[in-house]
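Colleague: Input sequences plus hints: build the corresponding full structure.
Number of protein chains: 2
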Amino acid sequence: MLKFRRILATLLISGLLATGAVFGDTVKPANVILFIGDGMDEHQITMARNYLLGPEEGLLAMEQLPVRSSVRVQTLLENRPDRFTFIADSANSASTLATGQLTSIGRIATSAGTDFDQPTILQAARESGFLTGLVTTASLTDATPAAFVAHTAHRNCQGPEDMNRAISYAPPSQQCAIDSKQQGGPGSIAEQLIDARVDVLLGGGKKYFAQKNHSGAQLLDQARSQGYQLIDHIGQHDASDQSTEPRLLGLFSPGHLPVEWIGSGNRKAEAVELVSGKPVFAAPFDCLKNPRHNGIPTLAQMTRKALARLSRDPSRGFFLMVEGASIDKQAHRRNPCGQIGELSALDSAVAVGREFAKQHPGTLVIVTADHGQASQILPLPDNYMALTESLQSPQYPPGYYAVLKTRHDDLMAVGYATNAPPQGGWEQHTGVDVPVFLEGIDGLEVPALMSQRDIFRLMREHLQLP
Amino acid sequence: MLKFRRILATLLISGLLATGAVFGDTVKPANVILFIGDGMDEHQITMARNYLLGPEEGLLAMEQLPVRSSVRVQTLLENRPDRFTFIADSANSASTLATGQLTSIGRIATSAGTDFDQPTILQAARESGFLTGLVTTASLTDATPAAFVAHTAHRNCQGPEDMNRAISYAPPSQQCAIDSKQQGGPGSIAEQLIDARVDVLLGGGKKYFAQKNHSGAQLLDQARSQGYQLIDHIGQHDASDQSTEPRLLGLFSPGHLPVEWIGSGNRKAEAVELVSGKPVFAAPFDCLKNPRHNGIPTLAQMTRKALARLSRDPSRGFFLMVEGASIDKQAHRRNPCGQIGELSALDSAVAVGREFAKQHPGTLVIVTADHGQASQILPLPDNYMALTESLQSPQYPPGYYAVLKTRHDDLMAVGYATNAPPQGGWEQHTGVDVPVFLEGIDGLEVPALMSQRDIFRLMREHLQLP
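Protein sequences appear in the order of chains A and B.
Position 140 (the first sequence) corresponds to 140 in my numbering; numbering is contiguous.
Position 322 (the second sequence) corresponds to 322 in my numbering; numbering is contiguous.
Any given hint might turn out to be false.
The list treats identical chains as one, so a pair stands whether inside a single copy or across any two.
What the hints assert, rightly or not - Dumping the calculated SDA-like pairs for lysine to any residue here, alpha-carbon to alpha-carbon at most 25 Å:
#1 405 - 81
#2 405 - 89
#3 268 - 286
#4 358 - 444
#5 278 - 423
#6 268 - 392
No lab work stands behind these hints: they were computed from the structure.
Modeller: Here it is, written out as structure tokens:
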């Protein structure tokens, strides 16, 4: 287990201060902003930077954080929880970031095999007097935000109507029914999000909150009765600014939010065709704004709104998780423009977070990912054609492939090859370590390799939680 | 261009000291040990650690260096040297590490398009009085070691006999003839290595040094006449310990050194077969010592030998490059055991380097890679089979695939899919940023993203070269 080598002056006075840290002679609230790029491994970052900033110079906002390390992602087997497997999903990986404990694929802050609830950092922060928030481009009930608040055997238990629906590919130990309120459980993820009274919830997933609970009440009404102001858009001066309601629930789409970018002509990666024994590559394309994203708040706007809310009371600190969810979802669908646009959107939100941290000493900013994704930067078609000529046999990438024309007019080839054409349902996660970028850890020596549990400990220590 | 934020006390006295730095009141020689894992991106490191140390804990030696960053790899186009492409080869990438300047694929420390010689750090160090060394598991004439000393239009110009041989896939501007001694050039890479009087050269490639130069003399004899002691093995107390010759040339194999590990039953990754519309996956295998490596020195032994030689004169510092070359070469061949064994061998050499650095303050240790490689950690067969069932269509990885049984008895699947079966000649490099691990840079703030030119500058600054 990793030990942080640090003389943590703030720890010595943790009895005195629940939500503050000493800076010079003044007490400032301690804050944590955790950004999670879903599926955002090193390859996805390189690809987005190449597209956005070109090959020569320039850094993403996340790359301007002063410290980088790398993170080991760990996953237990549901049927043998003493053993590991090397590919995570967002549920078990976010659960580890949220709880500091390992679990198995599909689980939301519950233990592999034994289904015990694993307490989360957001819950501990709330109990210690911190404000809390979750912001995502996915449904708020999706695995990553869910893992910071809810405890279910499976990520699919999103709304009350999901609780008695069988999940064909999950084992008996991970069916939703055991968590249903009828059976004395904590209920669906949507219900748990509201019951937990998270101060700010911004994202998609309205359809889950429109469902009715076991007493027949719509969750949206239940939310209102628990002090939530409901919003469905974010403006310069919107209703939420004047609200006296203590809590904010913003639902901006029935499900996941539409993504910011699409490929020109809606193009994605395609399987390379062979014609008379020679590979034929599709023409390059570039990325465009997605018209379906019009009127939807950006992740940066949601982050700014959440930070404004969470910092209204200058005496209290907060814990905020912000997820760029569709980097992963678009990579699964072999949509390079979708994933680059979403990584760019997350990066803009990181810039907002850094700006806030500059004004608010005592803010720990962390940017990391939950697991690797399939896409890789590959050689261009002319390279494959030259090899085809010289070896006199077709040389081409075996999966799905796209050539993007970047903002700087460079050509960049992107390949996806974890599931075979023509019927490969979707791309797979990979088992690579993921990056982490850190700011606000002055004096802390960060090792070259951390685990997700270390990130949990770092956040807990920063907030001086028990 | 990145500026290192550092008050570099040693720079102020650089007029006084050519090869030393001030530590407290005493002058110690400044040393650089640069380890290059060829093709060793984040994925290859995760994979090797999973196999060697298991999923739970434990760090590779390189991961115990105190600072990590990430490195942008940059490649120019030969026919448009003002433009970039996103996939490097070892030649242009090592050239940038060695010279601080960018170039195009295939070039050895010469400029893209214009073929100007680009001075290398090893040459500058030698001119400033430092000792110099190159150690590799490849032929010493291979691209990575070559780029630190030689200047040729193409990496294939390895021995005198290569100089008039046409390279079919290289443009006219990159044929070897222009560098031949007959045409007034500096000659082949092997000739340039000897002419440069590098103090220690250890690796493979004896067949290139057995060739004759344009005056009919064998290069091996030429080497002897230039003060090289020749060795063909390394022992506890071998001939080189007593030698009074100033220079050491160890050639331990005709070409690249045999690799340390092979797959049990000589197995590699294979294309997944479809039988009656269902994928059939080959059984897992583990890795064994390669009997062909018997009697061949390990990279750690070569590194120890080189360090002993280069530190004989306590008043002089040195520059040493150590390459784990076959991580890349084995990944090209879809041989996961080969590449993991070679990464492990490099890691053992890094441990030797760190040990030396601990005893010799003033030693900068850098571990990095030159470009990404194809292999990825993928889901296991049971995951693909479950998807095949649920989607009722075959779901399987489209390239080459292997399941390894690790030292801790975990199963790890490795996929290669940058060139399609059944005739995909070899796997391709990828364009991902690569890791860098650093030790001996006290007081230096390292940004979260560097370039290969920054690494050159860091080394040059450490040695206070003009």
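Colleague: Run every hint past the structure and note whether it holds.
Modeller: Now the hints, each set against the structure:
Taking CA atoms no more than 25 Å apart as the test, residue 405 paired with residue 81 passes between copies only; the shortest distance there is 18 Å, against 46 Å inside one copy. For the identical chains of this complex, residue 405 and residue 89 are inter-copy neighbours only, at 22 Å across copies versus 31 Å inside a copy, given an alpha-carbon limit of 25 Å. For the identical chains of this complex, residue 268 and residue 286 are intra-copy neighbours only, at 10 Å inside a copy versus 38 Å across copies, given an alpha-carbon limit of 25 Å. For the homomeric pair residue 358 and residue 444, the shortest alpha-carbon distances inside one copy (18 Å) and between copies (22 Å) are both at most 25 Å.
Proximity of residue 278 and residue 423 under a CA criterion of 25 Å is satisfied in both settings, with 22 Å inside one chain copy and 12 Å between copies. In this assembly of identical chains, residue 268 and residue 392 lie within 25 Å of each other by CA distance solely across copies; the values are 24 Å between and 29 Å within a copy.
The structure shown violates none of the earlier numbered hints.
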